[in-house]
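Asker: Keeping their order, the protein sequence lines are chains X and E. First residue of the first sequence: 1, per the numbering used here; consecutive thereafter. First residue of the second sequence: 1, per the numbering used here; consecutive thereafter.
Among these hints, one or two may not hold up.
[Stated by the list, open to error] Not the full set, but computed from the structure, chain E residues with beta-carbon under 10 Å of chain X:
id, residue
1, Asp59
2, Thr62
3, Lys83
4, Ser103
5, Asn107
6, Leu110
7, Pro111
8, Ile113
9, Ala115
10, Ile139
11, Arg159
12, Asn163
13, Gly166
14, Lys251
15, Gly254
[To be verified] Below, simulated DSS-like cross-link-like pairs (lysine-lysine); rule was C-alpha separation at most 30 Å, straight line:
id, chain 1, residue 1, chain 2, residue 2
16, E, Lys207, X, Lys778
17, X, Lys702, E, Lys118
18, X, Lys218, X, Lys123
19, X, Lys514, X, Lys601
Simulated from the structure, these hints should not be mistaken for laboratory data. Where is the CB? At the ideal position from N, CA and C, for every residue including glycine.
Residues per chain, in single letters:
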Amino acid sequence: MNLSMVKKDLLRNKAINITLLLFIVLSAALMSIGTMIVIQVFESIDTMYKIARPPHFMQMHMGDAELGQINDFAEGIDYVEDWQDIEMLNVYGGNIWIKKPDGTSFSMINSLLDLGFIKQSEKYDLLLNMDNKPIYPSKGEIGVPIILLDSYDIDIGDTITIKDGDFSMSFTVTSYVRDSQMNSTMCSSTRFLVNEREHEILKENTGKIEHLIEFYLKDLSQEMKFQTAYENAGLPANGPAITYTAIRLVSGLPDIMMVVVIILVSFFLIFIVCLCLRFTILTAMEEEIKSIGTMRAIGISFRDIRKLYMIKYRALAIAGCIIGYVISIFANRLFLSNITKTFGSPQTGAATVIIPIFAVCIVYMLEMHFSKRIMKKIKRISVVEALISSEGNDKIKISRAVRCLGLQRVKRLPVNLFMGVRDIMAKGKIYFMLFFIMLVTTSIMVVPMNLLNTFKSPQFINYMGKSISDIVISVSTAESLTDKYDKTVEILSGDADVANYSIEARTVYEAVNKDGEWININVDCSDKANEELRYISGNMPVNENEIAISVMNANELGASAGKTLKMRMGGQQTEVIVSGIYQDVTSGGYTAKMTGDYDKKAVKEYSFSVNLKDGVNAGQKVDQYHEAMGVDVEVMDMEEFARQTVGGVTRQLSKAVLAVAAMVACFVALFIILYLKLQIVKEYSHIAISKAIGFTVLDIRKQYLIKTCLVSLIGILVGTLFANTLGEGIVSGIIGIVGIGISKISFVINPVEAYLFCPLIILIIVVSMTWYCSAVFKNYNIIRLINE
Amino acid sequence: MKIVLEAKALYKSFGKEKEDEAAVLRGINLQIGQGEFVVIMGQSGSGKSTLLYNISGMDRLTRGQVLFDGEDISSLSDDKISKIRLNKMGFIFQHSHLLKTLSIKENIMLPGIKAGKKTRAEVIRDAEELMQRIGIEAIGGHDITKVSGGQLQRAGICRALINSPGIIFGDEPTGALNSGAALEVMKILNDINQNGTTLLVVTHDSKVAARAERVIYLADGKIETEYMLGKYNSEKEDLRERENEMNKWLKQRGF
């Protein structure tokens, strides 16, 4: 009997039930996709890492390295399993030329990544082909890192020629290379793979060798301890260092950012589905209050009645969750292109199947729990109350406030506008739901868009521990650091196009961490404080005994603004005050800033922030400096640097934003259909009476348009304001959990997108759906409506 | 007497059934003169309400013609009929069918303001006059859930009168009222008619019929017969006699 009742009900309210089903499908599918991607990202990374074996700690070192010394050090530490040295030959981008089969050619001069050439290692840190198998190029063959394909048009079969003066050597591109560690635009280098013999020839004729000193530990948890030990041992360390955990995080970051958005949206959606269920159930109960009364009168218990009504919602939820899960299996492929490209096709393991099912089950349980709670209202309805209730007994109270907008008081308001506004005021509760859902959906659309815009914005450079300037010059060649520094200062001082420049010296000092151990920290010292950085507490350092530290360092050192920090600088122990904590995504998020004098011997790198005079072309200046300063000095156009560095994240985030926007658009359309269908059912008699007393179908449609759009518009506007203000807090919280060095983000808002484009799209959908749904009034027969 | 409403060979069937045998109304021909008070009676299912709704343009005919003030309203668009309903017709239903979001007075004013023939001040004045005339001036500001069924029905009558229509259609206007309230409504209907408004009322109640000028008896979708009672004059005539006369006639019809 129950099944036939469900069947009848499903058929009777087809549009409403289909819409509800679609909502459940959407929420379940998104939840499933989100969890699936998380699992697949890490499974893919792990599968690839098993073959490629990236190091647990890697120190890059430019210049000569005393390998015997490193070997002695490694043998002296019991938890080091193995180590290796890879010689990476850094070649200036302007010396690398790609020739297409049609004869066109271009150089890689614009590359902001250091372009290195290596030969395949024996057993660790292997470069893989697209089938995740180690590549061993033959003579004349070259493997191109896939990360470069986003910026350069390089196909299999193209010719790559390395030229340096009279020297020239050509290779044919035979494979694309998957690199387990240098696979993100957030890394500073990328690696080409060539044959061992040709690597030797290249070494003799061009470029500079950079050592990748890689260590493998027995226990991964010792990586931080090992890093400090290595740095304190006075071993080659002219270059960045990175740990396994950071490599893994940086590799997965673009996809994780996308997952954050998807899961966040699915949670919002579940919440909204619950609201829709509430609205639908309450409307159904209102319609069927007499049946409920009759059932209670003949002695059917509350539990049995609830069970009877729950069958339908249970059936919808089960069907929705199953369909959602099935859709997610296919739809998640849309989001996997980056994972597949970078790490290889994800394996479908048990976790990939079971955990999303588990997530979908949670969606089901949440929705059922919510429905049951609403059904409790049946318990509160007395038999008599239910039996004497009629369709006309809606609890509408015209409050004093509503009366202020009385027909006799408003002299000029057009009747349809009056009717619409009056309806909103009289039935506030029902419209509040519409308002709230518009607020939430607008936020869902605008917040990720703002996040994307922030990542894309030039101001994002502040989150990268740098002040905004036109050009960044980095001098880090150990052997001739002072010479290069002097030369750079000379060039900049003598250049009339330069408005001003500041210098930052990166030194390594020691500090006591929260466990009382001495660890090394990178400190950027400058004569000018970094006021533009994103401080989450405190301020920039002003005095010499002050230090500003990054969020990640603050956690590591257990320090907060105002506290003192024990440090060793130039061999002397001292105490410095933490002036503030700022956000930084560079150097794994571990940096610090000081002002005033610094130990020149401890400097590893100089960084110049150059501002050009108005009208000077930064791109041309970069080329000019490249020429003048030589290949050892990195010269970067800052906007381009920021764009390329976070390019991977923004690309993945763009996909998520697009998917979210499309989903929100569908959702709003479906919600308006559901909402209006339910409203129209409830307002049958209102429509009929209006028609009977002389309102035309067009009048009634206008009234619906006014009330739906007015409330939606307010919801959209408040949602837009919410997203553009408080949305930052939500995103900051989530990004803080991810741990990339940002704990408080300030949105860089594109006003056209955030204040005009998004709200307008939603409003257009609301208007068109309302107009579409209200078209049905044409077919309504007054008599049938009056008799309803 | 000028004919204000005329039905010619009116057929109505529901659903897919188009055959005449299945029709609810089967070839009704009817004329209503200006100022007349006509009652339609008949057994349940005889097609009384269907006739009322079709003749007033609230429902669409299957076949035939309805002329209102000489204009064929059966061929007009929904919007045009709506305008005629707004400006020239008034409706009183069994239940008052007032809008819940408006107060009593606003419900009465609404068609007046919608029609736009008078200023808002004039509509307010007319509504207040009507409410006073019908005895509900004290409840104008009330919610419709706060007053009795009789008061609601009187408010419904005021709403039907606000645009001074030429004709008022009533579908069981006393059907949901107790005897006291029903009597009040009947008196009001007589007053309205005496002021020159044409009335076409469907009822089961012989007391209502006794106040009419002409009673049409419907059976199986056809007009079986008519009974001319003549204009009721409350000062000269005894209503009880008219009622008895009516009851006798209805009894002959098996009512």
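Asker: Check each numbered hint against the structure and report the violated ones by number, ascending.
Answerer: Those not satisfied are hints 2, 10, 13, 14, 15, 16.
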